[in-house]
Amino acid sequence: MKLLNKALTAALLSACAVTQSVAHDEVPGKKQAQPIVLQNGTLHTVTKGVLSQTDLLFADGKIVAIGQDLAVPADAQAIDISGQHVYPGVIAMDTTLGLNEIEAVRATRDADEVGDVTPEVAGHIAFNADSEVIPTVRYNGVAYAQVVPEGGMVSGQSSLMQLDGWNWQDALVTAEEGVHINWPRTYVVDTWWERRSAEEQRKANAEALQKLKQVFADAKAYYDAKRAGRDIPEDQRWEAMMGLFDDSKRLYVHAQDKRQLEQAIEVSQSYGFDLVLVGAYDAWRIADKLAELQIPVVFGSPFGLPMREDDGYDQAFSTPARLAEAGVNFAIAYPGYWDVRNLPFAAGNAVAYGLDAQQALKAITLKPAEFMGVADKLGSLEEGKQASIVVSKGDLLDPMGQSLTHMFINGRAVSLESRHTELYNKYQQKPARSE
Amino acid sequence: MNAKHQLSALALAVTSVFATSVNADQTTRVNGMRDNTPSLVAIQNATITTEPGQSIVNATLVINNGKIVSVAKNGKVPAGAKVIDGTGYHIYPGFIDAYTDYGVEQAAQPDWSETPIYNNHREGGNAANDAIHAQQHWYTAFENTPDAAKKWIASGFTSVQTARLDGILQGYGTAVSLADKIANETIYQPTTRQFGSFDKGTSQQQYPTSLMGSIALVRQTLSDAQWYENAYGKEAYNGSVEFNAALDALKNIEQTGIVFKVEDEKSLLRADKVFDQFDVPAIYLASGYEYARLEQVKATDAELIVPVNFPAAPDVSGVDAYLDVDLAKLRHWERAPANPGMLANAGVDFALTLYGLDKADQFWPNVKKAMENGLTERQALAALTTIPAKIAGIEDKAGKLQQGYMADFVMAKGDLFKDGVIQSVWTQGQEIDLIPREQVDFAGEYTTDWSGNSLTLSVTAQPSFSGDVTLGDQSSKLRHLDSGIDQLSFVADLDVAGESGTWRFKLMQTAQNAAELVAVAPSGSEQRLALNYQATNKDEQAAEQAEPTFVSELTFPNVAYGQKGLPAREDVLIKNATVWTATDQGILENTDVLVRDGNFAAIGKNLSTPSGVREIDGTGMHLTPGIIDEHSHIAIDQGVNEGSEAVTSEVRIGDVINSDDIHIYRSLAGGTTMAQLLHGSANPIGGQAQVIKLRWGATGDVMKFDAAPASIKFALGENVKQSNWGDDMTIRYPQTRMGVETIIRDGFQAALEYQERKREYDRLSAAEKRKAAPPRPDYRLDALIEIMNSERFVHAHSYVASEILMLMQVAEDFGFTLDTFTHILEGYKVADEMAAHGASGSTFADWWAYKFEVYDAIPQNACLMHDRGVLTSINSDSEDLQRRLNTEAAKSVRYCGMEPHEALKMITINPAKQLKVDQYVGSIEKGKDADFVLWNHYPLSSYAQAQQTWINGRKFFDRELDKQRQAQVKQEKQALIQKVLAAGDAAKQGEQDAYKKEQPEWHCETQHDFWLDHFAAKSHSHGGH
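Protein chains in written order, with the numbering used here: chain E, 160 to 594; chain X, 1029 to 2053.
Bear in mind the hints are in silico, worked out from the structure with no lab data behind them. Owing to the predicted nature of the structure, the values given are computational and were not obtained by experimental measurement. Check the hints yourself; a few may be wrong.
Unchecked claim - FRET-style restraints, in silico, Cβ to Cβ:
#1 588(E) / 1833(X): 15 to 21 Å
#2 359(E) / 1471(X): 41 to 47 Å
#3 1594(X) / 406(E): 58 to 64 Å
All C-beta atoms, glycine included, are put in the ideal place defined by N, C-alpha and C.
Bound conformation, chain X alone (with noise of 0.2 Å):
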């Protein structure tokens, strides 16, 4: 079936269907004549699939006043029941979209102010954050919509579950028919569940500026949830707790649940993770990425609701296209439309729908590339049915064909999944043609004699209407087809019996075989002839299952370099190397280092052999342990500042490690293992910092170093005070160092009192509780009181003499040690303070003149530190520098004569001790974890080149096997390129923007509004350091 037909048919279907509106009177005044036209219907003879993987053949369904009344095989028809002759027709009940916005009115865009808004408006006890709606009922807002609903009934679909989907928490979605109706006779389920994203959506308030303070935002707000049932009602320390309406709607969350619509496979593994904590049970709208990480995806034990918008091919077919190409995005072209096959083999559950298609007509056509590609039947129709049901609270009512279900169907013409089209789509027992069921169907052959010569007609109605005829040795195609109902006309160039010309024709089917043409010859006589009618012969076997092929590979992450696995741990034995040890024991020549179960279990000379261990010959090879970069900001999704308010320590990295990034592998391959993924630099007091070891082709928890205690960054200087953010930023606090120092104060003292009036709480009796509010849990003081219980540690961003003596003053004024400056560039001015106060440094090797704050750095910093008793480190803060901080450490050599071993402790055991995992890893040392580089040469130098990269007794990283990756990329990229080409126009199909955007490379600076940006709206983007 064509779309144009369809949908003209369908601008036709009102006038032919019963006026049947059963509870129109219920509530609502008639004026003037009563409707009272029977809806009593019987379709007899058709094949019923009552629920996924249930069909009966020649069943009769009867319906009355919207309800179903039976389903049977070979059923009875009440008297006085309108019967349909359901002959050749397959009857599947009326699908349902789980995820749209239909009905309720969307939010517009405001105009974006140029000022920063740090708090929003206040009403009707609403939160304090705009992007959080979650007392909004949505059905309060749902009106009946025909002209919209025009899109899900052309696929079938009868009923949905909608809200308005803007912002992190959106309110309750509700579930309704499509039936064109008042919203009262069409709301199946009011309140149906919580929605929500990680996108703020139209909220213009500057909290939150990224993904993890999204994160933040959804955990705070649960958290305050649960607080709130508690305390409303009873006396806080300062007051009656306010009523507010936000928390009070997700008072019963953990049965609601929450819908929640997620950017990739890893913002999945993410919320689900947030949801989890509070119980709160989640469905997400999936990206289509999930079979990239099924395994991680399938253990949520979530149900999806997963879109069928497959992306179009990446353009290759200029010679050079390819360069803007990359190979995950070609990859996924070939896998995306396998996800749902996928995830139906994997035994997750989940609903289809038509979100996110640019054009809905594509619904089907992609629902049966996903056949091909895997899913099956019954997988789809439940997915189409039942599953959405349940999704959206109304599988009492619709998803099956039962007595007593609503009369929701779909009556297709043939088996829907295979070749079968929609014929009609009843909604609460109101038929909706998309063909009119008196449609004939011209395509095929009609033959017969004509004025002594044999006639065929053939005729063909896909894409369109077209034919030819053949008269004896004439032939002529058919011009000016025009199909009605039951009549085809057309017109043709023939010589018949002397009358040469246009002829004009007009064709009727008479019964299964036969057919009449009626030919009005160019003089305008009429003759009638009786045809022989063949139809054409249609493919039963059209959506047949195969075994979906694949010229990609599919790899973790599944981007080029990805792995096939984690590899695997192996013992070895590195033999005659020279080993650096970074412990006392200093480089050691011609010795040995045995790994055993992912730890260094000796080093010496000549050490026997083992079985079951590898020899690895390091003769003329340097080993060092695996470089640690103590400020990093690789793999970080959507935001490296939660650069919005001073105070950001609730925000946690952790949330938002990006698996994905090539930089991980790029920096295995510079000797890097261990990072320490910061917060940037935009707030005085940032966000919470993750340690990870570069562990590539992990997820991003599996990345994690669990050993590692907390940290946290802090930032002090040009960049908290927003002096290189433009003119528009001025107004937050603080513009001056001195601020600074009072906002950190401020939050350490707030934290003070939090933590008393939570101890005063504790001790309060039973009764007294029973009056008394709970102290609110607050995330962000929780981490400062953390940082005062020297449980978390923190690592400032700063440069000046005066801030790094006032960032010591504050701490010791609040009882902790500050643990690691981190930049630091004049550390060299206030050495023996910080050795004095028991404060590490962390620097660039040389960088200067960037900024005025840095004006006086100068790359004598880690010698003058180091010989004044700091324990010093050098970092990267930069994809490129953390490839290579094995001769950014020597510039210490270069440029202050530092000792080669104490440069290279700079880098291993230095910020292990900074980040205080120096037990585990930094240092060549027995029962350490065997973190290690094999280099071909001096590993200072700048003709050193990393060859092996291992990490716990797993080799990430080895140079000759890059070099055949570097070649498998390039097949693979061509390889996939062809089939692109191959499929031609078909690989153009799609949808133009599906793809992951690329991350950009983050800086301590990278200071803007990703959701603002995601929506092309309006950034504030500033790079440097």
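Just chain E, same shape as in the assembly (with noise of 0.2 Å):
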């Protein structure tokens, strides 16, 4: 009992230290509360090309007006980014920012719920806006994050969230716009850590996919009887896979092999499900029905290694160049937490290996707001959409031009500084050892 008590104090007290440093130290920007004018920078609309020497000017969170020259409202800031250049804000998919902090320390990781099928969890329930990781991301041109649970089978509800808020609700964007499943696996592999035999996975394979099938008949089932006005007991799954079925959500399928790409195709299209493909690193197999169907694609691997050993080194780099050859409608997501800082740069890469530059920055802008539904506000510099806008001295995709001088969410002026930007600055006033 002693033992037990100690063991329990440790961690009561390792949580505490924990929670203590996840509170991260910078202010949310206060509401817009004046016109600004960006003046004379090299505006990347995303929708109408690139537009140099151009002003932008925005109020009450929206971008009021685009074009050279333009007249200064009496009240408003003039900011003048000569040669820099302006964007909107980046949109991460399929992330755990907010819900993971310390990826080694249990008591900070909130994005695996227990069960293989649980849609009913969301993730901008368990959303900590004051993770210390969020204003890191920030720096580098991230303004809004797809969050995302990530256990089981069917994993839960994604929410899209602004990377600037007091709390959840205040940064909540998108609540439960889509249910993500980690699709069956279908493949089989021969190596150490599996023991299985190859007719051993496949049966697994075939058994777990029948399990997923019967979710969806369940799911289904509720529905009907629900929508037939009938009088049953609420099962808080399957009223969250009702969004599914009248289309209010989408469905997101996490897989990568070119077998589980069409099963996942086959089964949502029997459902007539709003289907998005995440991770797709087979996408480029199948790119033809892809650009025909008009699926989704939020493309998982702009760095990927290889998947198997015969891959060309280049792969997944050049998979993006290849899949806008072949006309899909792609986005680049880079998953993880404090990583997703990389997304900018991932599109960077993938213009190295053939992608058109402007299709990049799509693919981490307007892209993820189409998927996500939210493009009549967001992912392009437009006037009437929502004033959410990075300025950068250089190129956001390419770490030798990224350097950020303002964040704008929502006209909002968000802070620039993080724990790495104030780690830095102290550090730098450590003094030497001789003094």
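Two independent chains are provided; combine them into the complex using the hints.
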């Protein structure tokens, strides 16, 4: 008993220590009080090309005007950004930002609920707006993140968050915008950590797929019963999946292998789901089909290693270019949390391997906005859209260029400081040893 | 001969032998009546192969009392002998299997302990490691086991070498006859050779958990045995030298040698280096992959024992099944049956074994498959007789047919290496029938006239009896066929002379071309018919030697993107490039670089092109030094951590380089030319590191960069105190950062005392040395002494400021400089202290938040260390990042404004300095190794792509060539898939689990017991960094 108490105390103490350290010092930006004109920048509009020496005016959180030599309203603040580049805020898909703080510390992980089928859990609920990680990701131009539960087979629902808020309610853009599924394995492997024979693996794969199909069948039965007006007790799981059947929620399928992707399309089509494929390493193998069906793809391996020994070293690097060539509707994601800050560079890497630079930018701005149903307000620099804007001294997609001077989310000026800049500042002041 | 028939015949065989037990009453009293049946036998008119290449036709073999009396052409039959007519028979020496587990009880799987076991149970003066059973002599556990012997006898084997095949040093094998007699009579050679493997088997002790740990254990044990021979009976500094049964048993290992099982051709070469060091003659149980490095295998000069467990083809029949099958597997499926022939033709002596075959009855079909793929009859026979006889130490009594040898032989109907079948196997003069010699071969065609019509009866014996009968215009299949030794019965539906229905028949051969058929009509009346008989013609050319043809390539390594050979060294002049020198010269525009004899010969503008030098137009290109990675875990086989004991400075990454690793090629494609392969971070004092150049295609030894001084991995913090290893792993010292300091300190103190003892011993007079035991050479402590002597340099995995300060203090206390802190994510907090000590830092560009000790990591770390005068580099610790260190270096430009050329230095000259190889590599300077990369773009940019990567003037990566290779890989794979599909069911024959297992992507923290996992029993696995 004594031992147990000791262990409990230790656990609580360490939890406290962590809780203290996860609240960052950056103050969320204030509501836009006056119009702001960014003058004489190079605007990467995403929808209307690159406009050089152009001004951008935004007020009340929205973009009001884009043009050369815009008249500056009387109460406006004018910021000269000559030589700098303006982009829409980057939108990161497939992240656990705000859910995970320190990977190896269990107390700080909130992305993986127990159970194979947990569609009822939603990412925004556990989103820690004070995560120390978030400001470090903003620093590289990421203004929005899709926050995704990641456990089991049916993981839960994702929510779109803006990355500057006092709490999750403040940060929430769209709650429960889609249901996420880790598609059952279709392949077999021959490694020492897989003890099952190929036959056993195939059997297990088939059983898992059957289990998933049963989930859809059960959810559909619930949906049908509800729609027919039957008075049945609530099942939170199937309640959460109702939106799949009336197209108010997307179905995000996380899958890499060609056979998984094909199965997901087939099953999804039989229900008429609004399908988005996530990860999709093998998307290039079925690019024509994806283009023909216009199935959105969130390509998740922009820095990926080849998944198979025989794949070319640059297979993952060059996949976005191949998808573009085939006319696939795709976004680029860099799944994770702290490393999401590398998403702009990942898009840049796709450019090195053949993707058009404008398309690369679109793949981390407008495409995610479209896929999550917020393209009417986010994802490009257009009049009427929200003023979620990044200003960089150079090319956002290249570490040799990227250097943010401003970030606005809904017109609010967002801090670009972070735990990292603060520690950097602190230790620059450390006296040399002799002092 | 079908297998079913063979085995059932074998079951009967016991009753058909002479019950001769020549020595039965030598020491064993006979209760009841004595058996004195004569055993003199003469076999006449046979074709006898007395040894490979020596055959006598019309020969007579005389045996008596279990031994051969004579073998002679037309030899006389001694009076009173039992005479056997051997007409049509071939007789061969009995086959010998030099690698078996016959008759020795094998080790049982233990109940695996949840908590780790660091020290073993000590009994009988055993070794301190439970995988060492060197003191065992397995003849002591041997007993005659007739049921187990059957599978060997069925394939013609008469004797075997056997042992308990468990652990690393397994004890001494024994050579025994398969005769059904007591062990006293069947043990041919009680003690043959030590057996071994790198697999710790059923040992539950933690150490070793990795291949490099196993190698280190073998090395230390052999060294200990040499020491023990001299030290036992003398006084050590802390008392008399202990009795150690295992070391004692290894005294004569230089004479007995070892039979050692290896997992693949790489481990064969690894083992051979260790055994060479100690002059231990080694014979390897081969893996079947020797063809992949034939030249090196040949160069070991070792004999092999080669299984014929050729793999079943991977399943490629489904439309997408090819996605799960690597080209390397398909290649091995095609090439494996050629392995024995290729070895034989390279002049490697080897024995064949049944070992590794799931189905023993596949032995002969596979031997014949090997013969179709280049193995000759003579080579095959030698591999079954004279060579294994020598390996098993019984070449004076078995493996040949000559006077005085044991009467161990095989009688085959016909030529066994063509279409012959084994009829009987004789062990010590005892005949074991596989097929009764009187067995009539019914196959053929029988004809006569019956009731005014011509009758034709066709009988086939393979794969089982079948046939049909035609009578005039009637025809019927034979049913209910039942073969006896001299008669075949069956039924058929016929209408003969009004008797319509099912007739019953019995067929008997009466002369060479005549037979009699008894026919019983539906009514029950019986008739007898005389038949003419024509036996089925056998195709004598069945196993005709044909040059095998392959659709697969054989490359180095033999995987997709392997090389046909090492790229040629070229003299080239790169014209008009932007040259990033990584020297004080900075970045030179429009500059030419001349490469000759593998070195940079000149750097300048408008250089003239010497004759014989190829020009490369570098216009618009950037040329940088090859990238150097201070911290890599690619190209490591079977465990990156010897994650058992806290101090493992004796293990060597250099022992386990995995030259097959495709990440070598992928990293070249990202411009990386050199990497320090580090032990993982499981232990405060980890294993020895190895610097390699990424010479894709070469063996591990050729990849080693010998000019690099020795180095070693240390580790601090969460990993070594097992913070994230799970609840079972909490008993190893240390569990705190305090204990990390003290155990390192104790290690160095122990090394100092050890060094002093060695010095003291050296000062002793010859007379004193006769009484004093020399200090036991200890590879673990030797490495620590090298560190203190600044002959080996420490690269310490570290994160937080406190532990960085601690380790520098320990180093200073023991008089050396800590070379490089690796990871060092809080280096920025103690940069001045590091600079003052002289330690360098090699860090991640931007990693953080993956565990608590990296919560203060910042991407400005490299800048802060650099600014405070710390020699700083950026490393990968990742298969992924090792391909794109250029943009990792660029992050210091992004996050803290480092000057770009300084950033490039962090992945070239700075790591070269940290590895102390900067006089050879790391910059573009005259005289240095021509290791360089051509980029199509500003090399630190997102948009840069390596176009060519060169090492010592050899082009190891070329993007254009890679495109061709990608296309070739696809084509070759499809061609092999076609071959598998065309082979149909034949492709499915073979071993199901006979391919090399894919190696994981190792990380610092990958900590698991490879050998336990290997046994599919239990593992501890942790990912991360």
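Structure versus earlier hints, numbers of those that do not hold, lowest first: none
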